[in-house]
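There are 6 protein chains.
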Amino acid sequence: MRIKVINPNTSEEMTASIGAIAQCHVAPTTEVVTVCPQKGPVSIESFYDEYLAIPQVLAEVMRDEPQFDAFVLACWGDPGIEAVREITTKPVVGIAEASMYAANAIAPRWSVITTLRRSYHMVEAIVQRTGLGDRCASIRCVDLPVLACEEDPSAIIEGLSQMGLLALKEDGAEALVLGCAGMGGLDEKLSQRLGVPCVDAVAAGVRFAEMLAGMKLQTSKWLTYRSPEPKLRKGMEHPFC
Amino acid sequence: MRIKVINPNTSEEMTASIGAIAQCHVAPTTEVVTVCPQKGPVSIESFYDEYLAIPQVLAEVMRDEPQFDAFVLACWGDPGIEAVREITTKPVVGIAEASMYAANAIAPRWSVITTLRRSYHMVEAIVQRTGLGDRCASIRCVDLPVLACEEDPSAIIEGLSQMGLLALKEDGAEALVLGCAGMGGLDEKLSQRLGVPCVDAVAAGVRFAEMLAGMKLQTSKWLTYRSPEPKLRKGMEHPFC
Amino acid sequence: MRIKVINPNTSEEMTASIGAIAQCHVAPTTEVVTVCPQKGPVSIESFYDEYLAIPQVLAEVMRDEPQFDAFVLACWGDPGIEAVREITTKPVVGIAEASMYAANAIAPRWSVITTLRRSYHMVEAIVQRTGLGDRCASIRCVDLPVLACEEDPSAIIEGLSQMGLLALKEDGAEALVLGCAGMGGLDEKLSQRLGVPCVDAVAAGVRFAEMLAGMKLQTSKWLTYRSPEPKLRKGMEHPFC
Amino acid sequence: MRIKVINPNTSEEMTASIGAIAQCHVAPTTEVVTVCPQKGPVSIESFYDEYLAIPQVLAEVMRDEPQFDAFVLACWGDPGIEAVREITTKPVVGIAEASMYAANAIAPRWSVITTLRRSYHMVEAIVQRTGLGDRCASIRCVDLPVLACEEDPSAIIEGLSQMGLLALKEDGAEALVLGCAGMGGLDEKLSQRLGVPCVDAVAAGVRFAEMLAGMKLQTSKWLTYRSPEPKLRKGMEHPFC
Amino acid sequence: MRIKVINPNTSEEMTASIGAIAQCHVAPTTEVVTVCPQKGPVSIESFYDEYLAIPQVLAEVMRDEPQFDAFVLACWGDPGIEAVREITTKPVVGIAEASMYAANAIAPRWSVITTLRRSYHMVEAIVQRTGLGDRCASIRCVDLPVLACEEDPSAIIEGLSQMGLLALKEDGAEALVLGCAGMGGLDEKLSQRLGVPCVDAVAAGVRFAEMLAGMKLQTSKWLTYRSPEPKLRKGMEHPFC
Amino acid sequence: MRIKVINPNTSEEMTASIGAIAQCHVAPTTEVVTVCPQKGPVSIESFYDEYLAIPQVLAEVMRDEPQFDAFVLACWGDPGIEAVREITTKPVVGIAEASMYAANAIAPRWSVITTLRRSYHMVEAIVQRTGLGDRCASIRCVDLPVLACEEDPSAIIEGLSQMGLLALKEDGAEALVLGCAGMGGLDEKLSQRLGVPCVDAVAAGVRFAEMLAGMKLQTSKWLTYRSPEPKLRKGMEHPFC
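Chains as they are written, first to last, in the numbering used here: chain H, 1033 to 1273; chain B, 1033 to 1273; chain W, 1033 to 1273; chain S, 1033 to 1273; chain U, 1033 to 1273; chain X, 1033 to 1273.
One or more hints might be untrue.
One copy or any two copies: either way a pair holds, since identical chains are not told apart in the list.
[Stated by the list, open to error] Straight-line Cα separation of at most 25 angstroms, DSS-like style, residue types lysine-lysine; simulated pairs:
hint, residue 1, residue 2
1, K1248, K1221
2, K1253, K1201
3, K1221, K1253
4, K1266, K1071
5, K1221, K1201
6, K1201, K1248
7, K1253, K1263
These are calculated hints, taken from the structure and not from any lab test.
Please put together the full structure from these sequences, using the hints given.
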């Protein structure tokens, strides 16, 4: 089995970290390729960043789609995931949804802890879109930028501890979801500090993709995720025309 | 007052039609400029189309933002509207939301009638995002492509009549929202046929933008719609760096 | 275009204030007539007040209905609005709904700030009825009576500032809706103090009515808002018999 | 114990029927007084009717409030119930809510069958206000006026049978609520025809009022249902001044 | 009329207390029999306890089902209530649902106060299942075990006062529901301390059962609550085979 | 890794079928043990059956809990899952939830097809409890008993085809979930017939358990799923005392 993990931002350090975690979590017979686009924002912290990144993500999928059995979007906004599902029949997993499914199975309520406060509303939109709003106890923000995950992990772990504790004590959470691909690998330390299970979203994403591909499940082409119509897309190179 | 209306697709015929309707609906003292991007899909019928179009929409806003008092996104998917709200302080109106507000004030429940069946889920996502899911009786699709609005308007009006009648008789709707910018101008004919008010989304969008700008309301910069962070956005020309 | 603005309470000072704001916000070609009933409570702060006021509001509409193109109910409870929609085909706008639509377009979440704490539940019912419960961050009360808006505006603005700040800092609001017709004209001052857009409900109501009437939209007579059945209404003078 | 049952419409036949049912359902030690206002619509079928009737209902409560232990509003719209709860400390029961509680305890989902189709939206509002929207399978209308209950009961029972069967077979209902005070006494016949329990709303209302009064429960005066503020209510005779 | 009240736990003291309250609340012509199983946990504080208790509750119902007109489950988790509804045609009342209906009629929002914090999620599940989530202001826990109700009632009343006050002041509650059968009889004292109505769940349950049985309502056998299919149930003595 | 799969009913044929599917879906290094209780109903089709089965399921978990790394409940009602989560720290997966997560990742909406019509409400309760009500398009029933899966698989596949087609054409589903453990292995055939992905719940459950255990996630013991309190459980042998 071959899984392509796409980091939607252009940070090579973060891509390497994501790749390392992904590698740890797959079966010996699974090959993981982790990439990021050449163009686009180094981190995704606004809708502006997200929308600039998505066409690059689509290009990464289309580049060598037939060579993979599943795709993972390694950003906790699952950016462009509906469009990716249109351009491939393989299963497409967002790390946000996969991490919420994992949390849902081990706790009645869980909280997502993300980076900048401004991303609160983006995270909320993902939770709603996944359909799990009633199970999400709260969204908390450490109020540090995404790249701090690479540059200052001790500040991130400190923020996660503080915000995680508030989520557990005030919001009714009983497990935590690390709401940023850059937080990969911090789950164990946080879990030890707080005494509750913490879900690494990259790990969840890769393993859930392996599960779906192992079951031979494909993205439904019944209606919504059909292949895009052939049409003129002015000034754009693309395979649907 | 100056309002910029952006048609997110690249159909010049549709842009001209949208511009004509917009012109009819503003005060004599309001200047409307209606444009479409040079690059991108000629119609938006899939998430793939939408995501390819959004960076072009953002560029259209940034091109001459200081010269306008409000922006209108003239596609019933309100594509990229959250990002547009990040890059300007002026009010930004999606024709989808404006048309739903109008319908909400004249009927207890209303239905949206859109083009292709595959867009059902995209329309539903907009209704939910706007927060009006409980007031939307149903989403019906004429199952004709967006460009049929320009090329075969009589087929569109026929489809609208049939679907509108079903919405009224079976779904509990008491008014109709024309869920495609290309349907602009068909509201009156449909209303006469069916005996219920029908909302032209382009008209609603332009007038609602005029209302917000007239009230001197600006997009909130408190948190979510703050200006995007300065950062490296590799290989991209953009004003936030 | 002629718009009738009805203040449901019998305070002549408040009616004058409402009329002044309404006048400022319409096009030069629009004529606004602002009235209040002769009978009924001087302010509406309980369900009891509201239900006593509604038959008077209905009488104000029926008095000279053919002479107007739209009606505005200038009380943030939109009192009796469904019945007004039954007795006219013109668009009928409640200032509550209009102000929420405006807020919805400039912020992901907004709060309503109203007068007495006891009105909390009445305000919540309006938000739900309009269908925007998911977008309303909170309802806050300055805990001053409605007439304080006329008699002690500085206390009101102080209360608005305090409650507005709490809404922004604790509840997730990013814009504010002034939830009482008596607060008309305080939006600009509050907006300057707090740094977020604040919506004047009377201004929103009048402009939204102008928008609907300008679009030639009428209240749907498909089912719910049909004219009341002719029938015996003992001891009552009324036009439906 | 003394219970006052108020029929909000002015039909004396219906008041007599309601009184007869109420009398059958109380304990021997309970005295029931059933009244209707002297002024107002003979039936409540529109918001217009409802709002004209409410001040008369309030007057009926205030006339001799100290002499009763509980009040029942005998119209399936629970008209003005929040205001009645403000003007008395005794328990106030709407027959709509009481009948839904009864249905809720004997079936996972139930439907309400009411009279005119135009009342659909009014009935839905009551279901939502009571908080039981998730348990209501559907609202069906026999499309006969309220007074047909007195004048043509066989047409009503026929309509109830047809609509009840549709509710059971198509909507997922497993019990039925008779959604009009005028349908009192038809529950048994309908239940025999359809083989499911049918709830007589008047019976449920009177018995539920007896239950609450027997438990010595009073309407909460903590906030929302406090006594109306003393204030000028121009041209109105009323006890709160 | 004969009502069987089943305390699902095996505490004889609590069964006696429940029986005493039940006796106080029924009509002179009603006979109440209050029992508890011989086997099972002495208190129900976890899902584990609940699931161990349910088969014993079912046996208590089946033991002499024909001799009773209604059944009451006297534990605020309404344990196994759907199954009880399958094995009898008589009305089956859970004290949780009955107490919420009572609270719903006297306050716009109410809170449930229960025993151990770990039961929060169980209580929430009941509120949701009953369909009244929108009317429940909050769930608060005194954090004392169920049996403290018998062994240390003054600690319980102290906890109820503290948590009740928080519910009223911070959560928007305007009435309180005592969320444990063991709290029976504390309603009056708590109501006096806090100045709001407090609902005794056992009293509500018994009276509501009397109401349903008095109306001759039966549990619907249309679909969900049909009698269990005859089938092999290995090693179990039971009447359905 | 060792996973214990528990079939809550006592059908040995079904247990064998479940075991065979489970075996196919795990990694070579994972050992699966599939068991069913000695006592209890041969199929679970009513709440009565479910509640009789749960204590037996709990006993199966407690029998040799330390020897396993994860538990799977192989009945599409996830019976007793909250209690199982209290009595172990290992991850506990219900096949219902796992299959819904899989469907959620490959289609915007999906339907569950189950056996008897009477189970509709039980299935709905699971969907709600998992938190995915908004993503579930419908629940359809083939109206054949559970054991028909073993005894008459061709009737089952016929029913699945018919109901699946209705779900796709009328309800908005774009993928299907086989809502009974006995339907294991029919996914491929159904998928070929209908042209949409169909999720085998047993396969999903086993693979999802492997995923959680592989991530070293444990059931949260923060509050709700703490170990049951030691206490007297009369006449019961059990490890918590």
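Going back to the hint list, which numbers does this structure go against? none
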